[in-house]
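A.B. asks: Sequence:
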Amino acid sequence: MKRKGLFFLLLFLIIIMALLANGAWQTERAFQEELSGVPAPSFFSTRPSLSDRPFLGSAEAPLTLIVFSDFRSPAARSFATEYLPQLKKDYIEPGVLRYYGKYSLLLDDIAQQTEDYRYAQALACVQTVAPETFFAVYDWLFTAAPEELLNIPERFAVPQEPFRSCFAGPPQPSVIQDAAETERFGGVGIRPRLYLGVHGASNTVIDGLPSYTRLKRSIRDYETQVGN
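Just add 1 to wherever you are in the sequence shown, counting from 1, and you've got my numbering.
Some hints here could point you the wrong way.
[Stated by the list, open to error] As a list, the in silico EDC-like pairs of lysine to aspartate or glutamate whose alpha-carbon atoms are at most 20 Å apart:
1. K90 - D222
2. K89 - E61
3. K89 - E184
4. K89 - E116
[What the hints assert, rightly or not] Each pair of labels, with its calculated beta carbon distance range:
5. A112 - D91: 35 to 43 Å
6. T115 - Q161: 21 to 29 Å
7. P132 - R73: 19 to 27 Å
8. E184 - P86: 26 to 34 Å
9. P147 - G190: 15 to 23 Å
10. P86 - A202: 25 to 33 Å
11. R221 - N152: 35 to 43 Å
12. K90 - Q226: 18 to 26 Å
13. T225 - F157: 33 to 41 Å
14. G170 - D109: 16 to 24 Å
15. S52 - A112: 19 to 27 Å
Everything labelled a hint here was simulated from the structure, so no lab data went into it.
Glycine included, each C-beta is placed from N, C-alpha and C at the ideal position.
Using the sequences and the accompanying hints, generate a full structural model.
C.D. replies: Shown next as structure tokens:
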């Protein structure tokens with residue numbers, strides 16, 4: 002009986018250690034929400050490139066929100082499906098904020114052509130071939146399976162041959178740029194990462210998924226700076 006009890010005790014301890022090692026006590030979303038409560042450095046010299054990047058909102062909007070997303074991340078998906086519609090209503094449509102969607106991936110993802118790379122390359126090719134559909138595809142990618150990427154032309158009326166040629170071709174410049182920025186700005190493993198600023202500069206960095214109330218407070222601070 003003692004041996005049997007010792008066996009079950011050891012088995013219990015092994016299970017607990019395995020759960021802790023695999024992070025089973027905490028979902029990614031919970032982790033990113035917790036992370037967002039930790040003060041992140043304000044990279045006032047950090048300025049992700051916005052050259053030739055599509056955006057939601059008015060070109061005259063003074064505030065910018067640049068969001069680096071991994072399309073397979075639950076936390077990034079929550080931001081896109083829950084927060085972005087509210088941001089459109091509260092700030093983008095009224096002309097206060099411009100929204101930029103960028104890719105969170107690594108240079109190794111490009112070299113190995115991982116799923117993260119395939120998602121980013123697909124969206125970059127949409128920008129090249131049919132830029133007017135960029136944000137429709139962007140929204141859809143958060144729920145799309147990897148094997149559905151080649152169905153983008155049929156689903157969104159994107160020219161098929163140019164898209165497929167682009168997708169199978171060299172990495173698009175925007176994909177390389179975003180991978181380099183993800184690594185250079187210390188965004189590895191952080192999903193999503195937000196850069197809130199004025200015309201793409203003077204950015205405050207928010208790591209992880211903040212509460213919408215916290216995000217609104219941060220936006221309000223910048224509105225005060227620009228006199229809104």
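A.B. asks: Kindly indicate which numbered hints from before are broken by the structure, ordering the numbers from low to high.
C.D. replies: Going through the list in order, the structure violates hints 3 and 4 and respects the others.
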